[in-house]
Each structure stands twice: as structure tokens, then as C-alpha cells.
Amino acid sequence: MDYISSLMPFMLEGTVITLKLFFLTLIIVLPLGVFMALARLSKFLPLNGLTQFYIWVFRGTPLLLQLLFIYFGLGTIGIMIDRFSAALVAFVLNYTAYLAEVYRSGIQSIDQGQFEAADVLGLNRWQTMTRIILPQMIKRVLPPISNEIINLIKDTSLVYAIGISELLRVAKIAAVRDAIFVPFIVAAVFYLVMTAVIQQTFKWLENHYAYYR
Amino acid sequence: MHILKATDVHKKFYHNEVLKGISMQVKKGEVIAIIGPSGSGKSTFLRCLNRLERIDRGSIEIEGEYMVKNGPEGKALYSPEKDIARIRLKMGMVFQSFNLFPHKSVMENLVMAPMLVKKTDLKEARETAMKYLEKVGMGQNALSYPFELSGGMQQRVAIARALCMNPDIMCFDEPTSALDPELTGEVLQVMKDLANEHMTMVVVTHEIGFAREVADRVIFMDEGVIVEEGHAEDVIIHPRQIRTKEFLSKVLMAR
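Protein chains in written order, with my numbering: chain A, 888 to 1100; chain B, -18 to 236.
Simulated from the structure, these hints should not be mistaken for lab results. Fair warning: there could be bad hints in the mix.
[As the list claims (entries may be wrong)] One side of the interface only, derived from the structure: several residues of chain A facing chain B at Cβ under 10 Å:
1. 1008
2. 1010
3. 1014
4. 1100
[Said to hold, decoys possible] Residues from chain A that face chain B, not an exhaustive set, calculated with beta carbons under 8 Å:
5. 1000
6. 1003
7. 1004
8. 1006
9. 1007
10. 1009
11. 1019
12. 1023
13. 1027
14. 1031
15. 1082
16. 1099
Using N, Cα and C, we set each Cβ at its ideal position, and we do this for glycine too.
Build out the structure end to end from the sequences listed, making use of the hints.
What follows is the structure, encoded as C-alpha cells:
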């Protein structure tokens, strides 16, 4: 018990880094993904093509590779960027690509009649999207979005590779230093608590949107 | 003076020509029923009137203004977008599948477009909405959500929603086809009431009885052309064309 409490200051520091990366990524990618989905659905071919290419590249390569590429790769061509910013850029680029596809499937699952009804009532494209389509889309994508967000909290552990002391890296350092397994168990409990909070949040959101079918 | 005038309307889906030169003129206060077998192009024609589908050739004129007319190369040329937006507001549309907004209450469904498009203030929009909800017998359900209502009730709300935009012409695309048989009556009754108040109506329908009783004129379409048209009584009781006779005997036999 004393050992675990002696770990806590480090573990909590690591958790703060993990949560910082998590929340910053989240507040950027949740809205950015919507715009990317709309670009992906655009009838303007250059924009549509560019978006498809972007999604292909960032879903088609490992996040770890993207992380290394952005941090070390940019360094070699003289663009210096601090570790945390590099991590944030990589996470935003990667997760926007995934969320764009989730949102796209949500938008495309909305019945064509909804677009037509809005159209004949005189709503313009922006009003149709913001008032009719996106609010219905959000309800439908909640389950896949919660998947992505749970992945995100776990993926934050990848930033150990560029030397950021997030939760798992801190645990590993302690485990190696003290030749003991306990720090990993503590880290696992931390992750489980965080994912439990995410799950509960989405349960609440799904209930919130249950007022209509 | 014709309130709606479509001339020589042609429409292709890829290589499939679904409208092969349809012309129709509607006077103010007239009720037109368009009947015909499925695949005859009747719904497509109605959708073209509202530019839910674009036509390839021909012209459509509403209250003396062209929405689309033949350009120099014989191809349909649409008016500028802002004119079309204004012209389209003169037409209300009711769909087979209701298309109410499921995430909005009945009242919100009704006030949304007047407020967003016509900039009506909330109080006035609500009063108008209540007036039309009472009219379609749905005054008690203003706070319901669409999923709580039967198909017939949803369709009556959809009619009220279209009326809230104060259109001069109401278009109905098979408004009772998605309903259980026992629910068609309440929707047809609302439409009859509208007809009695001299609303101009274009109704694509399979309800031959309704067409006969309510329509001033019946148009029978088949394979992208108008085969026969005239007074409801003439077309339905004394059809002249073989195709009309065949269609009517099939439809009436099924009853």
C-alpha cells in the first residue's frame, strides 16, 4: 500500500499529460471531423478527391508511424516543433480521418426524404445541414464515436515513443526501476477508470437523445 | 389565367426516358388528379414541378413566372437560383412517406420553415401553426413527436406543415400510399376540405374514388405520356383509350 501511494505523484503527473492530450485532441477533432465529412461528400471534385486522399493516408498508416514522422521527420527538414505539439498534430490528423468516415456514414444514413422535405420548405443547404441533418446524424453516430473515443484514450500511450511522460511511460519507468509489476496494474486501473467515465458519458448521451426515434 | 403551366416536359434518368413531353395547365382553384400505373412517370412529373427533379427539355411556369424554359439549344434553362427559391415557395409539397423531422415536435416541425425562411416571429408562426393543426384535427398533438403518431396523423401534420408556408398550390405525391387502409380516410378528408376551400391542388394518387369525387380534372399517364385527360367523370367512368380502360379495370377489380 505504501508502495502504491509512493507511486501516485508520478502516475498522476502522467495521467495529467494523458488527459491533456486526450481532451485537446477531442475538442479539435469532434467538430473538425464534421467539416471533413462534408468535404468528403462535396460534389466539388478537387475537394472531394483531396479529402479521400487524406483519409486514405491517415487511416492507411500506423498512428505510431505518423507520430514519429511528424516529430523526427519535420526535425530533419528544419521544422522544429516541441514533443507535445507534434503528438497533438499527429492525433488530430489521424482521428479527424476516422471521425470523418463515421460522420459520413451517419449523414448518408439519413433518409433522402429529410433533405427533400427541407428543400421544398425553402431551407437552404446550411439550414438543412445544421437544423435537420446533423442533429439526427449525431444520435446515429454515438455508438461508433464512443468506440473511437475509447480508442483515443488508449492510443495516447503511443506518445511514449517520442519521449513524452504520459501514464504508461511513467508506469514502465517505475516498474523497471523497482523491478516490480505493480505500476502496470495501477496504470491499468487508471485506464479502466477513464474508459468507464467515457462509457457512462455516452450512456447518458444516448439516453438524452432517446426522446425521439 | 393559369396558375401553373408545364409545356412539353422531357426527363431522362440516364438513358431511360421517363417523361416524353408532358403538358399540363392548372387554373386557380382547380383540383387535378394524376393517375396511372407505377412507373408511368406521374410522381416524377410532380417532382419536376417543384424542381426536386430537373427536367431536360420543356418549360414550367408558375403564376406567370418561368422556373425553367427552353434555352437556345432546345435544352431546359433554369432561372437564377434566387428567383427559383421564391417561385418554389408558392408550392407546398406532401410526400408519400410524410418526411416529418423526427427530432422535432409537431409544433417545431410547423414553425421552423416560416421562421427560418420567411422570418416570421415565433408568436405569429405558432398562431399560424395552431390554426392549421386545428384544421387537420391535430390541435391536441402540438407537443407530440412524430414517432408517437400514427401514419395518418403524421400525414395530416405534414399537410399542416406545408400549409404554414401559405402556398398557392399544393402538390401531393401519393399521400395515402404508405398508409394502412383504415387510415387513408382521415387524410383524404383533410384533402377534400382543402379542395372545398378552393385550394389549387395537384394530386398524384391511386385513390380512384377520391379522384372521381374531388378532382375537377383527371389526367391518366402511362409510359411517360398523357394518354387521356378530361373531366373526372369522363375519364374514370367513360374512358375512351384502351390503356385507360385496362388500368381502371385492374385498379377497380382489386377492390
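Here's how the hints hold up against the structure:
no. : hint : result
1   : 1008 : holds (4 Å)
2   : 1010 : holds (6 Å)
3   : 1014 : holds (5 Å)
4   : 1100 : holds (4 Å)
5   : 1000 : holds (4 Å)
6   : 1003 : holds (6 Å)
7   : 1004 : holds (4 Å)
8   : 1006 : holds (7 Å)
9   : 1007 : holds (4 Å)
10  : 1009 : holds (4 Å)
11  : 1019 : holds (6 Å)
12  : 1023 : holds (5 Å)
13  : 1027 : violated (11 Å)
14  : 1031 : violated (19 Å)
15  : 1082 : violated (29 Å)
16  : 1099 : holds (5 Å)
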